[in-house]
Amino acid sequence: MTSRNIIFILKIFIHISALLPVLNLYYLALLDQLGADPVEAVIHFTGIGALNLLLITLCVSPLAKRLKKGYLLQTRRLLGLYAFTYALLHVVNFLAFEIQFDVALFFSEVIERPYITIGMLAFLLLSTLAITSFDGIKKKMKKKWQTLHNSIYFLIILVVIHFYWSVKSALILPIIYCLLCLIVLILRYQKLKRLILSIFV
Amino acid sequence: MLIKIPKNFSLKDSDVTDESVYYERRKLLKTMGFLGAGALLNSAISNKASAGFFSDDEVKFASQKLNYTQDNQNLDLIKTPEQKVISHNNFYEFGAKKNQPAELAQSFKVDPWQLTISGECDNPITLDYQDLTKKFALEERIYRLRCVEAWSMVIPWIGFPLASLLKKAAPNSKAKYVAFETLYDPKQMPGQASRRLGGGIEYPYVEGLRIDEAMNPLTLMSVGLYGKTLMPQNGAPIRLVVPWKYGFKSIKSIVAIKLLEHQPPTTWNKLAPREYGFYANVNPNHDHPRWSQASERRITSGGLFTRNRIETLPFNGYGEEVASLYQGMNLSKYY
Chain A
839 MTSRNIIFIL
849 KIFIHISALL
859 PVLNLYYLAL
869 LDQLGADPVE
879 AVIHFTGIGA
889 LNLLLITLCV
899 SPLAKRLKKG
909 YLLQTRRLLG
919 LYAFTYALLH
929 VVNFLAFEIQ
939 FDVALFFSEV
949 IERPYITIGM
959 LAFLLLSTLA
969 ITSFDGIKKK
979 MKKKWQTLHN
989 SIYFLIILVV
999 IHFYWSVKSA
1009 LILPIIYCLL
1019 CLIVLILRYQ
1029 KLKRLILSIF
1039 V
Chain B
3 MLIKIPKNFS
13 LKDSDVTDES
23 VYYERRKLLK
33 TMGFLGAGAL
43 LNSAISNKAS
53 AGFFSDDEVK
63 FASQKLNYTQ
73 DNQNLDLIKT
83 PEQKVISHNN
93 FYEFGAKKNQ
103 PAELAQSFKV
113 DPWQLTISGE
123 CDNPITLDYQ
133 DLTKKFALEE
143 RIYRLRCVEA
153 WSMVIPWIGF
163 PLASLLKKAA
173 PNSKAKYVAF
183 ETLYDPKQMP
193 GQASRRLGGG
203 IEYPYVEGLR
213 IDEAMNPLTL
223 MSVGLYGKTL
233 MPQNGAPIRL
243 VVPWKYGFKS
253 IKSIVAIKLL
263 EHQPPTTWNK
273 LAPREYGFYA
283 NVNPNHDHPR
293 WSQASERRIT
303 SGGLFTRNRI
313 ETLPFNGYGE
323 EVASLYQGMN
333 LSKYY
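As they're listed, the protein sequences go chains A and B.
Counted from 1, the first sequence has number 854 at position 16 by our numbering; the numbering is strictly sequential.
Counted from 1, the second sequence has number 147 at position 145 by our numbering; the numbering is strictly sequential.
A hint or two may mislead.
Stated by the list, open to error - Now the stretches of chain A that chain B is said to cover, found in silico as 3 or more residues with beta-carbon under 8 Å:
id, segment
1, 866–876
2, 907–916
3, 933–947
4, 950–956
In short, the hints are calculated from the structure, not lab data.
Given the structure is predicted, the values throughout are model-derived calculations rather than measurements.
Even for Gly, the Cβ is constructed at its ideal location relative to N, Cα and C.
Let the hints inform the model, and build the full structure from the sequences given.
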């Protein structure tokens, strides 16, 4: 099996495993099978899904390095775009089903509630990454493209704080995600050290 | 297409499914999960759907029909369907996810039960299980229940006024507050044994009211809903309903009521005093620090696409009956 074939199969697998759960989610929602508060259910599911996908995206490079299979890096864009898709659904669900298109309330909540402000910042940043993910733009941006996309390390921290602040009292899951976030960052300790030094030196 | 669990995973058990078995099922769903699908099944699956998956060995709590006088005054209120009332519960003693109490509480023992009323009173009482439904005439009260999380339901509770119970105990002149306590039994309530399940709050769950709030005609000791005795996930066998306050004040599965001179501690206030006050009156003008309280989503029939966002009313719409209790009080200070 050539690496081209493996990548093809991997991408099919990623498409299926990313799309199926969210399609199933909305299918169950249409049938009113998501419990008494389907709004909370869809918002939580798409949020956790986006976070999971971000973490998976951040595992690809260390994995490719460890297994010495550079072609795995080609899955990053697809995974990242699915993270964006879930995040977009998360925001749209919030606006459409929670806030129910009361635009004034939407803006006041984004501004007044710190956990939503930080979440919105993360989403805007992720949107920028999604929009500039195409080869054409990458070529035009040259070095700036990599600088922009390095912000994913900052992004994941924002997302984890957003989750932590959103919870009433059951902190165990946010704490687990904090640890996972720490792990994916520590996996690239050398690279991050260089990046941070390059900003300040 | 619902995700089906193959039969060879179902566990062979006698009638009472114990704790460890429930955790096995949680683990199974979690390992099936990928990209949040596990979280989906965990948090989104309705009691009905999970009953369909796990019906083989589940013990379902048996509630009994009650005799009561009907509520003929609040018939214009659109009630929340019973299936949602008994499957969507904040009762962290049985898990912090909304569908966990219905799943984990089905073998909860309510008989025998003891509810003691003591403290600053001339006639301390102990009620046993039969007393709860036989000692006082039962009435139906259709009340709005507003959660602090900004969703609400309309529930036809069955019970008797707390005032009737307290009058029997004869509070003395020192009694300024009433404290309530939930059962503490980690063997039956897995959330009390495990911090992971228990949602990070201290147990046993405690609550309190000022004596005039407790004696208000609206304040209900509820022993049932929708014509039957309470299911464990709704706080069986007896719970408090204070409809003009956020739902966390309506303490469940009560074993002790004490009349006190001083304001008692309350569980959510202990955890986060800036977010949850002692009074916790529903107030659209006082936001929770992390979300607005000006509006709420009313859960009735209808699913994801229902436009159910409504304005929150001061005192949850019960201002006529209770606003006088707070005359002159700064409700932004005493939230």
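Results of checking the hints against the structure:
1. 866–876: holds (count 11)
2. 907–916: violated (count 0)
3. 933–947: Contact hint for the segment 933–947 of chain A vs chain B: holds, 8 residues under 8 Å.
4. 950–956: As far as the segment 950–956 of chain A goes, the hint holds, because 4 residues have Cβ atoms under 8 Å from chain B.
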